[in-house]
Each structure stands twice: as C-alpha cells, then as structure tokens.
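Chemist: One-letter residues, chain by chain:
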Amino acid sequence: MVSEKAITKKDVEHVALLARLALTEEEKERFTKQLGKILEHAGKIKEIDTSKVPPTSHIVPLDNVFREDKAGECLSQEEALSNAPEKEEGAFLVPKIV
Amino acid sequence: MIFPPPLREGGLRGRVDYIPKESYEAVIGLEIHVELNTESKMFCACPVSFGEKPNTQVCPVCLGHPGVLPVLNGKAVEYATLIGLSLNCEVTEFCQFHRKNYFYPDMPKDYQISQYDLPLCVEGYLEVGEEKGVSRIRITRVHMEEDTGKLIHIGGSGRIHGADYSLVDFNRAGVPLIEIVSEPDIRSPEEARMFMQKLRSIILTLGVSDCNMEEGSMRCDANVSIRPVGQKEFGTKTEVKNINSFRSVQRALQHELDRHIDTIDSGDRVVQETRHWDDAGGVTTSLRSKEEAHDYRYFPEPDLVPLISDKPKVERMKKALPELPDARRVRLMEQYGLPKHDANVISLSKATGDFFEEVMETYEDARKVSNWILVELGALLNQANLEIDECAVTPRHLIDLLKLMDKGTISGKMAKDIFKESFDTGKLSSVIVEDKGLVQLTDEDAIGKIVEQVLAENPKAIEDYKGGQERVVGFLVGQVMRLTQGKASPDAVNRLLKSKLNNK
Chain A
1 MVSEKAITKK
11 DVEHVALLAR
21 LALTEEEKER
31 FTKQLGKILE
41 HAGKIKEIDT
51 SKVPPTSHIV
61 PLDNVFREDK
71 AGECLSQEEA
81 LSNAPEKEEG
91 AFLVPKIV
Chain B
1001 MIFPPPLREG
1011 GLRGRVDYIP
1021 KESYEAVIGL
1031 EIHVELNTES
1041 KMFCACPVSF
1051 GEKPNTQVCP
1061 VCLGHPGVLP
1071 VLNGKAVEYA
1081 TLIGLSLNCE
1091 VTEFCQFHRK
1101 NYFYPDMPKD
1111 YQISQYDLPL
1121 CVEGYLEVGE
1131 EKGVSRIRIT
1141 RVHMEEDTGK
1151 LIHIGGSGRI
1161 HGADYSLVDF
1171 NRAGVPLIEI
1181 VSEPDIRSPE
1191 EARMFMQKLR
1201 SIILTLGVSD
1211 CNMEEGSMRC
1221 DANVSIRPVG
1231 QKEFGTKTEV
1241 KNINSFRSVQ
1251 RALQHELDRH
1261 IDTIDSGDRV
1271 VQETRHWDDA
1281 GGVTTSLRSK
1291 EEAHDYRYFP
1301 EPDLVPLISD
1311 KPKVERMKKA
1321 LPELPDARRV
1331 RLMEQYGLPK
1341 HDANVISLSK
1351 ATGDFFEEVM
1361 ETYEDARKVS
1371 NWILVELGAL
1381 LNQANLEIDE
1391 CAVTPRHLID
1401 LLKLMDKGTI
1411 SGKMAKDIFK
1421 ESFDTGKLSS
1431 VIVEDKGLVQ
1441 LTDEDAIGKI
1451 VEQVLAENPK
1461 AIEDYKGGQE
1471 RVVGFLVGQV
1481 MRLTQGKASP
1491 DAVNRLLKSK
1501 LNNK
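Taken in order, these protein sequences are the chains called A and B.
If you read the first sequence in the working numbering, its first letter stands for residue 1, the second for the next number, and so on.
If you read the second sequence in the working numbering, its first letter stands for residue 1001, the second for the next number, and so on.
Since the hints were made in silico from the structure, they are not lab data.
Some hints could be false.
Within a straight-line C-alpha distance of at most 20 Å, the following computed PhoX-like cross-link-like pairs (lysine-lysine) qualify [said to hold, decoys possible]:
| hint | chain 1 | residue 1 | chain 2 | residue 2 |
| --- | --- | --- | --- | --- |
| 1 | A | K70 | B | K1109 |
| 2 | A | K87 | B | K1150 |
| 3 | A | K87 | B | K1109 |
| 4 | B | K1075 | A | K96 |
Here's a subset of chain B near chain A, in silico, CB distances under 10 Å, partners left out [claimed, not checked]:
| hint | residue |
| --- | --- |
| 5 | P1054 |
| 6 | D1110 |
| 7 | D1169 |
| 8 | N1242 |
| 9 | E1301 |
| 10 | D1310 |
| 11 | V1314 |
Derived DEER-like restraints, expressed as beta-carbon distance ranges [what the hints assert, rightly or not]:
| hint | chain 1 | residue 1 | chain 2 | residue 2 | range |
| --- | --- | --- | --- | --- | --- |
| 12 | A | P54 | B | F1103 | 29 to 35 Å |
| 13 | A | P61 | B | G1067 | 48 to 54 Å |
| 14 | B | N1382 | A | A16 | 53 to 59 Å |
| 15 | B | E1022 | A | L17 | 44 to 50 Å |
| 16 | B | E1361 | A | P54 | 52 to 58 Å |
| 17 | B | R1247 | A | I97 | 26 to 32 Å |
| 18 | A | S82 | B | S1286 | 51 to 57 Å |
| 19 | A | E73 | B | V1283 | 41 to 47 Å |
No residue lacks a Cβ here, since even glycine has one placed at the ideal position from N, Cα and C.
Work out the full structure: start from the sequences and follow the hints.
Modeler: Structure (structure tokens):
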C-alpha cells in the first residue's frame, strides 16, 4: 500500500502555529523527521483488515451516562482567580487578542 | 421567462451582461445558538444564571482545570431532543461529543466540547410564510455544545481591534448551548426574520430557553450569498456574525445582500470571509485575520461516552410535545373564527397567544379582542420596544376596558386614551374612569345643547351643508367632541347633528 505523502516542514510549521509553538529551524527539521516516523509507525495499523470493525472512539463499554440537573457549589471568585497570572475587577486579564 | 446570463469570472465592469438588481436572489442559511434554561451547566453542577458577579458561577470543570471529568446533564439532552423533535428532526441512534480545538481566551480548555459528524438530531424542517405562501426551510442538524465565556475588551473603542487587553468572565462557560443549522433554503431577509420568529416561538412554547437575543440566550449567525435567478450554483458566501437583536436580523441581511450586489456590479468579487454586523452603523465590516484558515482538528471527546437513542422514550416525547405555533394557528381559526392574518400573528408569539386566550376565557368577541391586541396594544408595544409579557397591560386590563365599552360607559375614542394610560401606569380602566370622572356623555338633552351651541357658532358650516357639502358634518362632530373633552357618545352626536342640520 502506498502511504500518504510524507510529513513536510510546511506541515510542521502549520501544526506548530495551530498549537502556538515557536519552533527554531533546527527543531522544525528534527520534528519533521520524528513526526514522519510516528506516522509511519501508526500506519502499520493499515496492514490489518479492519473492514469488519466499527470505528471505535471509546474503549470503555459504557453509554448514556447522565448527571441529574441539580445546581451545586461553586468556587468563590477569589478561589477561581487564585491561579490567574493577572486579574482585574473579578475577571481574568488576558493580553490583547489581535 | 428570460434568465439573465450567468456571471463570468472577473466581474462585470464595462461589460454588456450587466445584471439588474432585481434579477438576483438571496441564498441564506442560518446558524442559531440557543442557551438552555436548565438549572445547572452542561457538564458540571454550576448554576445557569445571568447577571451574576464575574467568575462566581464557576468550578474546576468549567474553568478547564487539569484532571477534571465532565459529566453530561441529562435534562439538557432531553431539552435538545425536544427542540429537534419540534423541528421535525430525526433523533440519531448514535451520537457523541467532539472537541473543537482553537486558541481563544473565551474557552479555558482551549477546546470547546461540541458535536461534529454525529449530532443529536438531523434532517428536519420548519415552515414559514403562512400568509403569502408557505416555504419549507430544511434543518440540517441540531447539536449540543457548551457556551463560551464572555470577553470585555478594555481600551480602544471597546471592540477587540485596538483594545489594550481583555477581561474574561467564565460564568457563561459551560452553559448548555444548542446549535440549530438550516440549509441555505432562505430566500429573503424577511423570510430569515420569519424563520427566527417561528423558531423562537417554538422554543418558548417548549419552555427550554428564554430566547432573549438582547441577553444573548438566542444568537444568530447567517451565511449569505446571491446568485442570478435561475442559476443553480451558489455564489461566494460571507458569514455575518453579531446579529444580536431580533430587529436587526432583517436589516443586517438586507445590508449584506446589497453589499454583495454592489460588489459584483462594480466588477469586483465577493470575498469569502466572516463579517461583523455593526448595529449602530448599520453596516458589516470584515473580520479578516492574518491567521491561517480555521482548522479545528475535531476529535472524539474521550471523557464523554456516546449517547444511544432510547427509541421508546423519544416516541413518548414526540407524542407529548405541547401544541406548537402552527397547530395553535389552525386552532385559533377554528375555535374562535379568527381571520388567517390575526391567527398567524397571535400564534407566532407564545406570549401573545396566551394573552389572547386568557382574555377569551371571560370575553366573547374574538375579533374585537384580536383587534385590540394587534392594533392598539401592538402599536404601544412597538413604540415602547416591549414584548407583550413585559408591559403593564394584562388580560385583566383588556377585559375591563372592553366591558366598559360594551356597557356604553366609555366611547371607542375614550377607550383608546384610557388604554394608553393603562399601558403607561398599569391602572385598570375602571380605576382611570372613576378617578377622572371620565364617563361617556349619553344624555341626549345635554349633547343636544352643545350641538346647538356648535351650530350657532358655525353658520357657514350650515350653509355649506345645505349646499351639499356633507363632509362638514365631520368637522362639526369634531367641535362637539372637543367641547365635551371626547366624552360625548359619537353615535348620539352624529344622530343629533344630522337631524338638527336637516331641520335648519
């Protein structure tokens, strides 16, 4: 079976951007190779005939798990903000977005 | 019919194949978000509330702390199923949640739990336009997700562009949110408004959301494009966001359609992009960002197990659906003999329908009631920008007023003024009448004297009348009404005036 196109440096740059990672040139080269190898390894699963296996997203044999619609305790504002690097007027302060 | 020629690449500047504005048709699809009014959030026990202090309705789950486990609110699934069923959707047998990944400070986890290719409900429809001809708007899907937090932008103009920094309130994060997606079957801004109205009315009837656009519990995004009438292919679409008042749906879409036509007319091409509706300015502006195209990298949410439809339960729910606006419209016509238009407008708003039927419990004349609700009350509500269940007038006020008119205590003209006062103050008509001594003057001797006085003061009018100008009667009636502060019975005034004029 012909595998998908190999991972390119451009793919790595795209994924890095989506994950908001700033990679050096050296890292880009290294990760291109490493990601390629990981995909190649995962590609081995294609050698197995899965035509009769339904797509599986959960390995726990459970479905329809519900919580009762009851309101409970919340954190206090102080607790909620206790890990915030910056806060203002009871809100999380984040740097400018665009 | 002659169809205009198809659009050519590169626009139409300087070409002879110019397409007149009327030859375009609108292609609109809506994405509507509705917050459910459950007691607790979608995946945690924080209360669903509006207007609380920032970051006080939060817990480790909705703040996205590491190691927490979301657990699905069963009531939210039930409510979402009700919405799907009332939109004639099919409830899917197997449904699951996905993570929608993106970096934006309104989600603490950097992903939103949403649904992707296995939504709760699919393939329904909603019908609109009962008066001019019914259009069936197909519903693609109804899915469940969690709402995001609220951002306040500080500095600049308060918009995200030009702000110095932003503040995040996660009270809303995790509130159960339903997304309803229509097919691009809507053909005019008016139809879009009717769709929104009908949808809102259905959801209010189900009682699963407040559907308050101003408070953001109902929000609307629209995909808009145009094409020459007769063309099958879609034009390039834009997505209009921030349509956040009920009144602006039609305005925003009309503006965007006009912009598409102007763009093509001037030889340019419509750019596929997201645009922001500015309600105050009445325009849409580009939200083009330097970022790459959205890539949400959906994948199944490993923390939430799938939903397998409980078919007997769904069937039971379907049978137990309350009377929806379409059924109510038909019943209003049959039960009360209302004309189509009245039945349509009254059934389109649950609150108006309830108001009407409450009055009808103790009053008989349906046409009169519907007239007062749609014309007099409608005008007052419009002016005050209020909904019928937000104003001071209740069914009791209207019944009181109608009965005073029937008894002849007040005239129709007086009733309108009294009703306005009821609307402004919440006082019952009978109280206003008593307080002001506003009783209709029906004593014919008294009215006769005033008629005589008016005739004596207007000899020219009498001559005109004798000369065949019947319309001076209207002027003379007006004079009598003025002298009696509108209290004289119009019937008696008319009758007495005519008989006295004819005897002159």
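Chemist: Taking the hints in turn, state whether each one holds.
Modeler: Status of each hint after checking the structure:
1. Restraint check: the Cα-Cα separation between K70(A) and K1109(B) comes to about 23 Å, which exceeds 20 Å; the hinted pair is violated.
2. Under the criterion of a C-alpha separation no larger than 20 Å, the hint pairing K87(A) with K1150(B) is consistent with the structure, at around 15 Å.
3. With a CA separation close to 18 Å, the supplied pair K87(A) and K1109(B) stays within the 20 Å bound.
4. For the hint linking K1075(B) to K96(A), the alpha-carbon distance of about 37 Å lies beyond 20 Å, and the restraint is violated.
5. With 10 Å as the threshold, the beta carbon of P1054(B) comes within range of chain A, its nearest partner Cβ sitting at about 4 Å, so the hint holds.
6. Taking 10 Å as the C-beta contact cut-off toward chain A, the hint placing D1110(B) at the interface holds, the least distance being around 9 Å.
7. With a least beta-carbon distance of about 5 Å to chain A, the hint placing D1169(B) at the interface is held under the 10 Å criterion.
8. Because the closest C-beta pair between N1242(B) and chain A is about 15 Å apart, greater than 10 Å, the hint is violated.
9. At about 8 Å, the closest approach between the beta carbon of E1301(B) and any beta carbon in chain A falls short of 10 Å, and the interface hint on this residue holds.
10. Residue-level restraint check for D1310(B) holds (minimum Cβ-Cβ distance to chain A is 7 Å; threshold 10 Å).
11. For V1314(B), the shortest C-beta to C-beta distance to chain A is roughly 13 Å, which exceeds 10 Å, and the interface hint is violated.
12. In this structure, P54(A) and F1103(B) meet the distance hint of 29 to 35 Å, their C-beta atoms being roughly 33 Å apart.
13. Look at P61(A) against G1067(B): about 23 Å separates their beta carbons, and that is not inside 48 to 54 Å.
14. At about 55 Å, the beta-carbon gap between N1382(B) and A16(A) stays in the expected band of 53 to 59 Å.
15. Between E1022(B) and L17(A) the Cβ separation comes to about 45 Å, which falls inside the hinted range of 44 to 50 Å.
16. For the hinted restraint 52 to 58 Å between E1361(B) and P54(A), the CB-CB distance of approximately 56 Å keeps it satisfied.
17. For R1247(B) paired with I97(A), a C-beta distance near 29 Å keeps the hint of 26 to 32 Å intact.
18. As the Cβ distance of S82(A) to S1286(B) is approximately 39 Å, the hint placing it in 51 to 57 Å is violated.
19. At about 46 Å, the CB distance of E73(A) to V1283(B) agrees with the hint of 41 to 47 Å.
Hint check: violations occur at hints 1, 4, 8, 11, 13, 18; the rest are consistent with the structure.
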